[in-house]
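Listed here are the chains, written in short residue letters.
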Amino acid sequence: MKLGFQLAKSFLSSGKSQTIFIIIGIAVGIAVQVFIGTLIMSLQKSLVDKTIGNSPQIVIYNKDGINYNEIIKEINTEEIEYISPVLNNNIAIKLKDEVLPVFLKETDIKKANNIYNISNRKFIGKLPVKENEIILGTSFNTKIKENEIITLINKNNEKKYKVVGFFDLGVSSINETFAFSISNENLKINELEITVIEDKLFEVDKIKEQMQEKLGKDYEITTWKEKNESLLSGLQGQSISSIMIQVFVVVSVVLAIASVLTIMVIQKSKQIGILKAMGLNRKTSMYTFLFQGLILGVIGGILGIIFGYLLLKMFTTFAVNDDLTPVVPIYINNTFMIISLLISIVAASVSSIIPAIKSSKLNPIDIIRNN
Amino acid sequence: MSVIKLKGIEKNYEKNIKVLKNINLTFEQGTFNSIIGQSGSGKSTLLNIIGTLDKPTKGSLYFDDKLVDYNDIKSLEKIRNEKIGFVFQFHYLLPEFSVLDNVLLPVKIKENKVTKEKREETIKLLNLVGVKEKLDKKPNQLSGGQMQRVAIARALINHPKVILADEPTGNLDSDTTEKIYELMRNICYELKTTFIIITHDKKIAEKADRIVEIKDGKIELDIDNK
Ligand SMILES: Nc1ncnc2c1ncn2[C@@H]1O[C@H](COP(=O)(O)OP(=O)(O)OP(=O)(O)O)[C@@H](O)[C@H]1O
Ligand SMILES: [Mg+2]
Chain W
44 MKLGFQLAKS
54 FLSSGKSQTI
64 FIIIGIAVGI
74 AVQVFIGTLI
84 MSLQKSLVDK
94 TIGNSPQIVI
104 YNKDGINYNE
114 IIKEINTEEI
124 EYISPVLNNN
134 IAIKLKDEVL
144 PVFLKETDIK
154 KANNIYNISN
164 RKFIGKLPVK
174 ENEIILGTSF
184 NTKIKENEII
194 TLINKNNEKK
204 YKVVGFFDLG
214 VSSINETFAF
224 SISNENLKIN
234 ELEITVIEDK
244 LFEVDKIKEQ
254 MQEKLGKDYE
264 ITTWKEKNES
274 LLSGLQGQSI
284 SSIMIQVFVV
294 VSVVLAIASV
304 LTIMVIQKSK
314 QIGILKAMGL
324 NRKTSMYTFL
334 FQGLILGVIG
344 GILGIIFGYL
354 LLKMFTTFAV
364 NDDLTPVVPI
374 YINNTFMIIS
384 LLISIVAASV
394 SSIIPAIKSS
404 KLNPIDIIRN
414 N
Chain R
27 MSVIKLKGIE
37 KNYEKNIKVL
47 KNINLTFEQG
57 TFNSIIGQSG
67 SGKSTLLNII
77 GTLDKPTKGS
87 LYFDDKLVDY
97 NDIKSLEKIR
107 NEKIGFVFQF
117 HYLLPEFSVL
127 DNVLLPVKIK
137 ENKVTKEKRE
147 ETIKLLNLVG
157 VKEKLDKKPN
167 QLSGGQMQRV
177 AIARALINHP
187 KVILADEPTG
197 NLDSDTTEKI
207 YELMRNICYE
217 LKTTFIIITH
227 DKKIAEKADR
237 IVEIKDGKIE
247 LDIDNK
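Chains as they are written, first to last, in this note's numbering: chain W, 44 to 414; chain R, 27 to 252.
These are computed hints drawn from the structure, not numbers from a lab. Backbone N, C-alpha and C define an ideal beta-carbon position, used for all residues, glycine too. Worth double-checking, as some hints may not be accurate.
Restricting the straight-line Cα-Cα distance to at most 20 Å, the calculated cross-link-like pairs of lysine to any residue (SDA-like) are [stated by the list, open to error]:
id	chain 1	residue 1	chain 2	residue 2
1	W	K45	R	L130
2	R	K104	W	N406
3	W	K59	R	K164
4	R	K218	R	T202
5	R	K109	W	I408
A short list of chain R residues far from chain W (calculated; beta carbon distances all over 10 Å) [to be verified]:
id	residue
6	L93
7	Y118
8	N138
Pair by pair, the computed Cβ-Cβ distance ranges are [to be verified]:
id	chain 1	residue 1	chain 2	residue 2	range
9	R	I99	W	F64	31 to 37 Å
10	W	Y374	R	V140	48 to 54 Å
11	W	V290	R	S101	44 to 50 Å
12	W	V290	R	E146	53 to 59 Å
13	R	V140	W	N413	26 to 32 Å
14	R	L93	W	V294	46 to 52 Å
Starting from the given sequences, assemble the full structure and let the hints guide the process.
Here's what the structure looks like:
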């Protein structure tokens, strides 16, 4: 094996320009693969973030109410990032001359803020801290002023609240109907709003299935996927085309290495023949070419990832909006980078198999006799 | 004791071209043998069969009285590496490696590593063949005679029982030829290595212990010349 490696090294360094060209070829291929892959993933991530990043990804609802302490024991909390217990009320605001429907969420406002990210976005005023304080969607701001006292009516009950702020969650249907207030501690709840950790974002359907099994039919569970089907099919189409591009790039890398190494077998057939006349075994002569593939794959792959990284850096520096934020915020995914390196190594090794077999089949007598 | 024995060796190429016909030969340990014959008579074919590189159509070859199985590639590789040293007309050094590394190649094939002792022995051997000061050079920086000396050192490094040489001085001048033969004869007697050498040169052949002449694939003459 050691001899195979030494021979591989010396064969590669004896044809320097040929070796450099193929390494650059592999590096460019892997760089493109890394660039396209990362770009599409980042695009999708920012799209998903914009759409569902600031809202619950799983909602558990029971019209008869939920016992928070019981349920928290039942569900697997490892996959959950934030959880916010809520009492939902479809009620109305009574103004002087009109009644506005409002969807009031009585909740622990800190927990709700974790999920909706209310205070870090466009926000006027302050978050409610007392039981009779309320914040409304920004659309209400045309008819209601900050610090105004309003009356909420629910069937026969009336309750007065002080409006302490207006929030803008970026979705008009929410801005037109939502309101948050503080729940008093022993209030009954009927909904749990959940966000999952990032890795599990696309596995919410699996999580839902497990929850449903544990909790039973009385609980109605909905996921972000069910609410965003068209987004999902768009993402899927994008993923498929991204994978196609990456596959074609890798295939062309494989073909490039295979053709260079096949030529290498012919170029070095005299050397292989002499070595075999000296007793070189077939396995070592195969290693000679497998190692060449491996060396090309490792060097080309590492360079490719560096090139790809630089391309992405350039993209975030030059492809920017008016306010200098990148057109697509790029998320460098280390796992993806390592996978790309592995792909390049595996591709290089695979493409050296046929040349390796060719070299093992070379018969020394043909070389000795032909000179 | 015979090192090599050929029994009824025949070699045919397609359409009944008979290149070797019923060759029976025995070579003793530590002897210096020459093979002569006209171009096309079958000398190289015979030598390649002895070297296990080529497979006879019929007949058998024995190394140390053990039958060579041409279908057992692993045992052939071992014989080539440990029992035989080849010297060809076109030196066949590997241009990628230095003189020293070229001579060490059979060692690396055999043992996968090079000990300090083996390295020192190699330098001694290069000294013996007279190219010690070139050991760091690449083969293309050497003259033809120097390359042939390196090839002889490479053939000797694993202490083979037999050195097979196919016109080793074929493209060298007569002075250099004389020196190289002297070198090989000395090694033959000192190390008890058996030499089988093909040559065109009758004068050279006459200095061997034995002269075998091949004609049309048959042994025409077999002279003891001691
Ligand atoms: N692969 C082959 N197919 C058919 N005939 C072959 C083949 N190889 C060799 N021959 C023939 O075998 C005969 C012997 O060849 P060989 O090389 O052994 O001759 P030689 O005695 O070494 O000649 P020279 O002195 O020119 O080297 C020649 O007639 C050659 O044409
Ligand atoms: Mg010949």
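Do the hints match the structure? See the list:
{"no.": "1", "hint": "W:K45 to R:L130", "result": "holds (14 Å)"}
{"no.": "2", "hint": "R:K104 to W:N406", "result": "holds (16 Å)"}
{"no.": "3", "hint": "W:K59 to R:K164", "result": "holds (16 Å)"}
{"no.": "4", "hint": "R:K218 to R:T202", "result": "violated (23 Å)"}
{"no.": "5", "hint": "R:K109 to W:I408", "result": "holds (18 Å)"}
{"no.": "6", "hint": "L93", "result": "holds (19 Å)"}
{"no.": "7", "hint": "Y118", "result": "violated (5 Å)"}
{"no.": "8", "hint": "N138", "result": "violated (5 Å)"}
{"no.": "9", "hint": "R:I99 to W:F64: 31 to 37 Å", "result": "holds (36 Å)"}
{"no.": "10", "hint": "W:Y374 to R:V140: 48 to 54 Å", "result": "holds (51 Å)"}
{"no.": "11", "hint": "W:V290 to R:S101: 44 to 50 Å", "result": "holds (45 Å)"}
{"no.": "12", "hint": "W:V290 to R:E146: 53 to 59 Å", "result": "holds (55 Å)"}
{"no.": "13", "hint": "R:V140 to W:N413: 26 to 32 Å", "result": "holds (31 Å)"}
{"no.": "14", "hint": "R:L93 to W:V294: 46 to 52 Å", "result": "holds (50 Å)"}
The structure does not agree with the numbered hints 4, 7, 8 stated previously, though it agrees with the rest.
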